[in-house]
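Trainee: Assemble chain W onto chain E, guided by the hints.
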Amino acid sequence: MTTNVIEVNNLEHKYNDLKAVDDISFTVKKGEIFSFLGPNGAGKSTVINVLTTLRKIQKGEAKVNGYNVAKESKEVRRSIGIVFQMMCIDYEMTVFENLEYHGKIYSMPKNERRNRINELIKLTELEAKRNTLAKDLSGGMKRRLELARGLMTKPAVLFLDEPTVGFDIQTRMRIWEYLRKIKREGTTIFLTTHYMEEADQLSDRISIIDHGKIIATGSVLDLKNQLGEDLIYLETSDNKAAAGVLKTLESVKGVNEDTKFLRVMLEGDVTHILPKIMDKVRQNGIEITTVNIKKPSMDDVFIHYTGHGLRGEELEEQHENIKIAEVLK
Amino acid sequence: MNFEFRAVYWREMVKFFRFKSTLFSSLIQPVMWLAFFGLAMSKSFDKLTSLLPNTPGIPNVDYLTYMGAGIIAMDVLFSSLFGGTSLLFDKKYSLLKETLASPIPRINIVMGIGLSSITKAFIQTGIIIIFGKLIGMNFFKGYDIIQTLVSVVGIFLLVGIFTLGFFFLSGSIAITVDQPEGMQSILTLLSMPLFFISNALYPVDSFPEVLKFLSIFNPLTLLSNGIRYFALGTNFSVMGGHYIYTTADITMYFMGLIFFALVMLSIVLWRFDKVDV
Chain E
1 MTTNVIEVNN
11 LEHKYNDLKA
21 VDDISFTVKK
31 GEIFSFLGPN
41 GAGKSTVINV
51 LTTLRKIQKG
61 EAKVNGYNVA
71 KESKEVRRSI
81 GIVFQMMCID
91 YEMTVFENLE
101 YHGKIYSMPK
111 NERRNRINEL
121 IKLTELEAKR
131 NTLAKDLSGG
141 MKRRLELARG
151 LMTKPAVLFL
161 DEPTVGFDIQ
171 TRMRIWEYLR
181 KIKREGTTIF
191 LTTHYMEEAD
201 QLSDRISIID
211 HGKIIATGSV
221 LDLKNQLGED
231 LIYLETSDNK
241 AAAGVLKTLE
251 SVKGVNEDTK
261 FLRVMLEGDV
271 THILPKIMDK
281 VRQNGIEITT
291 VNIKKPSMDD
301 VFIHYTGHGL
311 RGEELEEQHE
321 NIKIAEVLK
Chain W
1 MNFEFRAVYW
11 REMVKFFRFK
21 STLFSSLIQP
31 VMWLAFFGLA
41 MSKSFDKLTS
51 LLPNTPGIPN
61 VDYLTYMGAG
71 IIAMDVLFSS
81 LFGGTSLLFD
91 KKYSLLKETL
101 ASPIPRINIV
111 MGIGLSSITK
121 AFIQTGIIII
131 FGKLIGMNFF
141 KGYDIIQTLV
151 SVVGIFLLVG
161 IFTLGFFFLS
171 GSIAITVDQP
181 EGMQSILTLL
191 SMPLFFISNA
201 LYPVDSFPEV
211 LKFLSIFNPL
221 TLLSNGIRYF
231 ALGTNFSVMG
241 GHYIYTTADI
251 TMYFMGLIFF
261 ALVMLSIVLW
271 RFDKVDV
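Protein sequence lines correspond, in order, to chains E and W.
Per our numbering: the first sequence ends with 329, consecutive numbering throughout.
Per our numbering: the second sequence ends with 277, consecutive numbering throughout.
Please note: incorrect hints may appear among the correct ones.
[Unchecked claim] Cross-link-like lysine-lysine pairs, in silico, DSSO-like; alpha carbons within 27 Å at most:
id	chain 1	residue 1	chain 2	residue 2
1	W	Lys97	E	Lys110
2	E	Lys14	W	Lys92
3	W	Lys97	E	Lys142
4	E	Lys181	E	Lys122
5	W	Lys97	E	Lys122
6	W	Lys97	E	Lys154
7	E	Lys142	W	Lys43
8	E	Lys135	W	Lys133
9	W	Lys20	E	Lys59
10	E	Lys183	W	Lys97
11	E	Lys129	W	Lys15
12	E	Lys122	W	Lys20
13	W	Lys91	E	Lys14
14	E	Lys63	W	Lys20
Calculated from the structure, these hints are not laboratory results.
The shape of chain E in the complex, shown without the other chains (with noise of 0.2 Å):
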C-alpha cells in the first residue's frame, strides 16, 4: 500500500459544455489536512463528488484509499466519512440517534457502535448533549455532530466540504480545533474551502484551484515564499506607471497591480531594496502616497496565482473575517 491516500490523475468533469473540472492531478499523503482553496465555482464541490463516488467520473483516473472510484464505488464509499456542505443531520432526532443510525447503515456491531459513539461524543464535546434533538443545537454544535459523525465508521479520509461557510468566527475558530484534534488522531482530511484564513490555519498542503483548475500546490510556507521573503504595497499617483517603471527593477519579481494599490515581489532583502524602489518612481515623476512592508498572507499567494482575488462578496467577507481574526489574536 502506498502512503497517499488519495490519488487522482488528469481528472475532467463537463456539466453540458462547461468544463467544471479540467484536468487536474494531486495526491493527498496518508495523515495530512490537504486543502482545495478557490473560489466558489471553481470546481472544488465537483472534485469532491467525483471522490466520494456521488458523481460518476468522466475522465481521468481516482483512487481513494487504494481503490478505483470508477470499479469499487462500495469500497471507497467504506473508506470514506462525508461532511457535507449543506448541513444534513435529522433535527428530529438526538445526537446519539443520529450517529447509531449511521453506524447501523454502515453495519457496524453494536458494541463497536456504542463505543466509537461514546468516543466520538467525547471527542467533539457533547456529552451534555448526548439525548438533545438535534434541532436544539447551535450552529456550531450542528456541525460538530456532523464531523462526529463523519467519524464514526474510522475513515481513512473524512471529506470536508466549506466546513464552515455561514459561521461566525468563534464558531469557525473553534471547529478548527476539532478538525486539528481530528487530524491528531490521525484522520486524513480533505477539505474544500473558500476562507484563505481557513486554508492557512489549517492545512498541510493546499492546492489553489480556480477556474477548475490546480494553479499551484504546496505546504503554506512553500507557497507564501514563492513571493519572497516580504512584500511592498505601494501607492502613487500612478499606479499603472509605477508598476512600468518597477518591472524594469532586477530585484523586483513581480508586481500585481490591485484596486488602490501595488503589489511588489521581491528578489532579496526589503531593507536594502525598498529605497532604490522609491528613487525609481520618485525618478519617473510618480509621487508616492504610502508604503507598507508586510509579510506575504494566504491572499497575497492566491492573488499572485490567480491573478485576481476571491471574487465579489467573498473577498469583502475574507478581508473582514480576517480583521476580525487579526483582533482576536
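Mentor: Same frame as chain E, now just chain W:
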C-alpha cells in the same frame, strides 16, 4: 445480503412514535372513519336496503360489516399513499444524502420505509377490527378461534402487500417531484378514481359497464374483496346482492396485489436510481 433496511426502519419508527401529533392522528383516523362515516352511511344504507329481499338460506350481512372491509382498505390506502411524503421532505432537507452516500444499496431505503408503512397499516387495521367489533361490525361471525386467526393473518397479509404497492407508488412520486404541493395534487388526483371506482363502500354491480370493468383492476377492489373473503365468509348476501368468493378468487386477489406491488417496486427502484445526491 444486506440488512441495513432495519436501520432505516428503526429511524422511521423512532420518529413515528416521537411526533405525537402524527401518531395520534394515525391512531384516531381509523376510529373516526368508522365512527362518523361508517355509522352514518350504514344507517342510511340499511334503511334504504331493508326492503330488498334477502336470498333465503344465505347469511345476510349488514352494511356496516360489509363496509368495514372497505374502510380498512381506504384507511390503509390513504396512509400508504401519503407515506412517501416523508421521503419528499427527507429529500428536500437533504436528509437522504447521508443514506444515499452510504455503501448500502438504495433498495434498503425503500424497504425500510416500506416496512414502517406496513407497521403503521397493521396498527390501523387492528384498531378498525377491534373498534369495529365494539360498534357492531360483525367480522368473523360464527368463526372458531383457528378460523379467526387464519382470517386475521390473511387480512394482514393482504394489507401488507397492498401497503407496499401504494407506498412504492407514493415513494416514486416523492422522489421525482420537487414540491410538496405538486405531490399533494398528484395524490389527490390519484386517490379520487381509486376511491370511487372500487367496491370499498358499495357493490359495483350497478356501475356503468366501463367503470365496472375498471374496478376489477383497482387494487382497492382486490383488497376489499380479499378482506371480505376472510372476514365475512365465502358466501353471503348484502343489500339484496348475493356474493360468493371462491379459492380461485382469493388467489387472484393475492396475485393481483403482488403483481401491483412488484410493478411499483420496479418503478420506485428506477426512480431512486436516478436521484442525484
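Trainee: Of the numbered hints stated previously, which ones are contradicted by the structure, given in increasing order?
Mentor: 7, 8, 9, 12 and 14
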